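Chemist: The primary structure of each chain is shown beneath.
2 protein chains.
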Amino acid sequence: MKKKRHELILDFIKNNNVSRQEEIIKMLFEHGFNVTQATISRDIKELKIIKEHFGKNDIRYAVSEKIGNDDNYKMIFTRSAISADATMNIIVVKCYSGTANAACIALDSMNLPGLVGTIAGDDTIFVACKDVNATSHIIGTINSLLKD
Amino acid sequence: MKKKRHELILDFIKNNNVSRQEEIIKMLFEHGFNVTQATISRDIKELKIIKEHFGKNDIRYAVSEKIGNDDNYKMIFTRSAISADATMNIIVVKCYSGTANAACIALDSMNLPGLVGTIAGDDTIFVACKDVNATSHIIGTINSLLKD
DNA sequence: AAATAAAATGTATAAACATTCGTACCGCAG
DNA sequence: CTGCGGTACGAATGTTTATACATTTTATTT
Numbered sequence: 389m390k391k392k393r394h395e396l397i398l399d400f401i402k403n404n405n406v407s408r409q410e411e412i413i414k415m416l417f418e419h420g421f422n423v424t425q426a427t428i429s430r431d432i433k434e435l436k437i438i439k440e441h442f443g444k445n446d447i448r449y450a451v452s453e454k455i456g457n458d459d460n461y462k463m464i465f466t467r468s469a470i471s472a473d474a475t476m477n478i479i480v481v482k483c484y485s486g487t488a489n490a491a492c493i494a495l496d497s498m499n500l501p502g503l504v505g506t507i508a509g510d511d512t513i514f515v516a517c518k519d520v521n522a523t524s525h526i527i528g529t530i531n532s533l534l535k536d
Numbered sequence: 389m390k391k392k393r394h395e396l397i398l399d400f401i402k403n404n405n406v407s408r409q410e411e412i413i414k415m416l417f418e419h420g421f422n423v424t425q426a427t428i429s430r431d432i433k434e435l436k437i438i439k440e441h442f443g444k445n446d447i448r449y450a451v452s453e454k455i456g457n458d459d460n461y462k463m464i465f466t467r468s469a470i471s472a473d474a475t476m477n478i479i480v481v482k483c484y485s486g487t488a489n490a491a492c493i494a495l496d497s498m499n500l501p502g503l504v505g506t507i508a509g510d511d512t513i514f515v516a517c518k519d520v521n522a523t524s525h526i527i528g529t530i531n532s533l534l535k536d
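These protein sequence lines are chains A and B, in that order. Everything in the first sequence is counted per our numbering, starting at 389 for the first residue and increasing by one. Everything in the second sequence is counted per our numbering, starting at 389 for the first residue and increasing by one.
Check the hints yourself; a few may be wrong.
To give a feel for the contact side, a few chain A residues facing chain B, derived at Cβ under 10 angstroms [said to hold, decoys possible]:
#1 398
#2 401
#3 405
#4 406
#5 426
#6 435
#7 441
#8 447
#9 488
These are calculated hints, taken from the structure and not from any lab test. Here the structure is a predicted model, which is why all the values come from computation and not from measurement. Note that beta-carbon positions come from the ideal geometry of N, C-alpha and C, so glycine has one too.
Build out the structure end to end from the sequences listed, making use of the hints.
Modeler: Next up, the structure:
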């Protein structure tokens, strides 16, 4: 039953602003589970759920996933970028109009080794790389992102 | 003095396993700051520091990478979006021409609870929400973003 | 199946944390 | 100056969460 309960909890906090364990107890009760706060506390620990401050006056539980975050960036990038080309140590990435900024931030956040800096216009990103070697490495990474 | 204190706190939690606000008080004291737990609580809120479960029996404070990125997202969003309106479980966000896509991606990336899906045209975003309740919550969040 | 070990949970309580309320300290307009 | 609006803070208190210990449930061994 623990498994099912955990699933419910995860689902619940993903789809609602949950800020107290009591709310989870209530939700579980409505789904036929009858557990105490101590159990929820342990569940939260096991599920590695975190409590985050959001906006100015909200606190909410959230699933802690650094990996999930990476995926997020990749998603942003692949949804924004169209193609990439390299000359010397510069890579030029073409994006859909208006998305270069977002794609650029996503790219930056990947912390690619050998990447020196980026600048974004409306639909184009310039990526400055350390040297030709790094350039081919990075464009390889970018192209593999573009494929999915 | 608050600025300096905040810096110390961030530095501290990045480089140590900090699991209680008391530890922060102690550290600050050693650096010449004399504040109470109430202040630390407020600092943690302002700095959007989270408490994460780590390993099997550790809890520690950490800087939420997600939130840091959130700031980026927020920036993209607020620079693109103009206004928002809701009917039933749909929110319509008006953006500057050509920016809806970027704003939409930013919005998606915030992982707002109750948000089911989004779609962007050139200057408009449709946001589908789970129900009316979620809708009002989400438009509240959007409006608070638009204010700054 | 009885005996034993291990996991899951509840109870009660302690610990950790957030918040309310009051005060002090600005910066500034009148 | 004087009063107003805002920020920062401590003390006290309320709220929320974690945990020590006891108990029940489930699995494992013999």
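Chemist: Classify the hint on residue 406 of chain A as holds or violated, based on whether any CB of chain B lies nearer than 10 angstroms to its CB.
Modeler: With a minimum Cβ separation of about 8 angstroms from chain B (threshold 10 angstroms), the hint on residue 406 of chain A holds.
Chemist: Using Cβ atoms only, decide whether residue 426 of chain A comes closer than 10 angstroms to chain B, and label the hint accordingly.
Modeler: Violated, about 15 angstroms.
Chemist: Should the interface hint for residue 405 of chain A be scored as holding, given a Cβ-Cβ cut-off of 10 angstroms against chain B?
Modeler: Given a least distance of 5 angstroms, the restraint on residue 405 of chain A holds.
Chemist: May I ask you to test the interface hint for residue 398 of chain A with respect to chain B, counting a Cβ-Cβ separation under 10 angstroms as satisfied?
Modeler: violated, 12 angstroms
Chemist: Minimum Cβ distance from residue 447 of chain A to chain B below 10 angstroms?
Modeler: For residue 447 of chain A, the interface hint holds, since the closest Cβ of chain B sits about 8 angstroms away, which is under 10 angstroms.
Chemist: Tell me if residue 488 of chain A is really an interface residue toward chain B, meaning its C-beta lies closer than 10 angstroms to one of theirs.
Modeler: Holds. Min distance 8 angstroms.
Chemist: If you take the shortest Cβ to Cβ gap from residue 401 of chain A to chain B, is it below 10 angstroms?
Modeler: Hint holds; residue 401 of chain A Cβ to chain B Cβ min 8 angstroms, cut 10 angstroms.
Chemist: Does the interface hint hold: is residue 441 of chain A within less than 10 angstroms of chain B, judged Cβ to Cβ?
Modeler: holds, 5 angstroms
Chemist: How about residue 435 of chain A: closest beta carbon in chain B under 10 angstroms, or not?
Modeler: This interface hint holds because 8 angstroms falls under the 10 angstroms limit.
Of the numbered hints given earlier, the model fails hints 1 and 5; all others are met.
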